[in-house]
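Work out the full structure: start from the sequences and follow the hints.
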Amino acid sequence: RKEVEQDPGPFNVPEGATVAFNCTYSNSASQSFFWYRQDCRKEPKLLMSVYSSGNEDGRFTAQLNRASQYISLLIRDSKLSDSATYLCALIGGKLIFGQGTELSVKP
Amino acid sequence: EAGVVQSPRYKIIEKKQPVAFWCNPISGHNTLYWYRQNLGQGPELLIRYENEEAVDDSQLPKDRFSAERLKGVDSTLKIQPAELGDSAVYLCASSSGTARYEQYFGPGTRLTVT
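Just so you know, the sequences run in chain order S and P.
Just so we're aligned, residue 347 is where the first sequence starts under this note's numbering, counting upward by one.
Just so we're aligned, residue 22 is where the second sequence starts under this note's numbering, counting upward by one.
Heads up, some of the hints might be wrong.
[Unchecked claim] These stretches of chain S come out as covered by chain P in the derived footprint (C-beta under 8 Å, 3 or more residues):
| no. | region |
| --- | --- |
| 1 | 356-364 |
| 2 | 388-399 |
| 3 | 428-437 |
[To be verified] As a list, the in silico DSBU-like pairs of lysine-lysine whose alpha-carbon atoms are at most 30 Å apart:
| no. | chain 1 | residue 1 | chain 2 | residue 2 |
| --- | --- | --- | --- | --- |
| 4 | P | Lys99 | S | Lys440 |
| 5 | P | Lys37 | P | Lys99 |
| 6 | S | Lys391 | P | Lys37 |
| 7 | S | Lys425 | P | Lys99 |
| 8 | P | Lys92 | P | Lys32 |
| 9 | S | Lys348 | S | Lys391 |
| 10 | P | Lys92 | S | Lys388 |
| 11 | S | Lys348 | S | Lys440 |
| 12 | P | Lys92 | S | Lys391 |
| 13 | P | Lys99 | P | Lys83 |
| 14 | S | Lys388 | P | Lys37 |
| 15 | P | Lys92 | S | Lys348 |
| 16 | S | Lys391 | P | Lys83 |
| 17 | P | Lys99 | S | Lys388 |
| 18 | S | Lys440 | P | Lys32 |
| 19 | S | Lys391 | P | Lys99 |
| 20 | P | Lys92 | S | Lys425 |
[As the list claims (entries may be wrong)] To list a few chain S residues with every Cβ distance to chain P over 10 Å, as calculated:
| no. | residue |
| --- | --- |
| 21 | Arg347 |
| 22 | Ala375 |
| 23 | Ser378 |
| 24 | Glu402 |
| 25 | Asp403 |
| 26 | Gly404 |
| 27 | Thr407 |
| 28 | Asn411 |
| 29 | Ser414 |
| 30 | Ser418 |
| 31 | Leu420 |
The hints are simulated quantities; they were obtained by calculation from the structure and are not laboratory data.
Glycine included, every Cβ here is placed at the ideal spot set by N, Cα and C.
So, in structure tokens, the structure goes:
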């Protein structure tokens, strides 16, 4: 089993839609979690850290469920510019990435 | 503030040839990482430096890959000889001691081995 697993998608949604991604992890000792955004042929950029209490940044909400060992990212009111690949990552001695979930927001 | 700088951005070589990638981290960042990202996958760590010391190179294929960070600033990753399976994007990232896991990535070097 991979340490971090994501649904690769693609998720095709219309503008204004709400979309959610999940990311499951196998190591219950993992302590820190992150969501990165990667545009096509660009480098990953940190989107937000994921705290145990959950955190929100504008239209983006990240949550952690330790009991079920997954993190989630919710995007409300999707914009065309949200189209990208979203990578979850966690600390397991080092930063370990999932394979990414591709999001395509259509007009 | 300048970001992580990498060169070259693209490289095409024939198999069995050597290749080298260069990275200059964000000023003041003492931790430097080299990752490899295959198509459709997330980045995978190859090596991590704390200043000039390689503290995690467990995923670096040491038979053909080498890296150095002699003065604790910029770094070079080398592959010799390259194989077809080495085609990937090689990403460099850096972080500061106070926020070690908030990593900032460079634009990467896209390597194609033919």
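Outcome of the hint check:
1. 356-364: Violated - the region 356-364 of chain S has 0 residues with a Cβ nearer than 8 Å to chain P, which falls short of three.
2. 388-399: Coverage by chain P holds here, the residue count being 6 at a Cβ distance below 8 Å.
3. 428-437: With 3 residues closer than 8 Å to chain P, the region 428-437 of chain S meets the three-residue bar; holds.
4. P:Lys99 <-> S:Lys440: Holds, because 22 Å separates the two Cα atoms, which is no more than 30 Å.
5. P:Lys37 <-> P:Lys99: holds (13 Å)
6. S:Lys391 <-> P:Lys37: Violated, at roughly 33 Å.
7. S:Lys425 <-> P:Lys99: Status violated; Cα separation ~40 Å.
8. P:Lys92 <-> P:Lys32: holds (26 Å)
9. S:Lys348 <-> S:Lys391: holds (23 Å)
10. P:Lys92 <-> S:Lys388: Given that 30 Å is the threshold and the Cα spacing comes to 28 Å, the pair holds.
11. S:Lys348 <-> S:Lys440: Holds: lysine 348 (chain S) and lysine 440 (chain S) sit about 15 Å apart, inside 30 Å.
12. P:Lys92 <-> S:Lys391: Status holds; Cα separation ~27 Å.
13. P:Lys99 <-> P:Lys83: Distance ~10 Å between lysine 99 (chain P) and lysine 83 (chain P) Cα, so the pair holds.
14. S:Lys388 <-> P:Lys37: Judged against 30 Å, a Cα distance of about 28 Å means the pair holds.
15. P:Lys92 <-> S:Lys348: Violated: lysine 92 (chain P) and lysine 348 (chain S) sit about 36 Å apart, past 30 Å.
16. S:Lys391 <-> P:Lys83: Distance ~29 Å between lysine 391 (chain S) and lysine 83 (chain P) Cα, so the pair holds.
17. P:Lys99 <-> S:Lys388: holds (22 Å)
18. S:Lys440 <-> P:Lys32: holds (28 Å)
19. S:Lys391 <-> P:Lys99: Holds: lysine 391 (chain S) and lysine 99 (chain P) sit about 25 Å apart, inside 30 Å.
20. P:Lys92 <-> S:Lys425: Violated, at roughly 44 Å.
21. Arg347: holds (16 Å)
22. Ala375: holds (15 Å)
23. Ser378: At roughly 6 Å from the nearest Cβ of chain P, serine 378 (chain S) sits no farther out than 10 Å, so the non-interface label is violated.
24. Glu402: At roughly 18 Å from the nearest Cβ of chain P, glutamate 402 (chain S) sits farther out than 10 Å, so the non-interface label holds.
25. Asp403: holds (14 Å)
26. Gly404: holds (19 Å)
27. Thr407: holds (20 Å)
28. Asn411: Fine: 20 Å to the nearest Cβ keeps asparagine 411 (chain S) off the interface.
29. Ser414: holds (21 Å)
30. Ser418: holds (17 Å)
31. Leu420: The assertion about leucine 420 (chain S) holds, with a minimum of 20 Å to chain P.
This entry does not satisfy hints 1, 6, 7, 15, 20, 23, going by the numbered hints stated previously.
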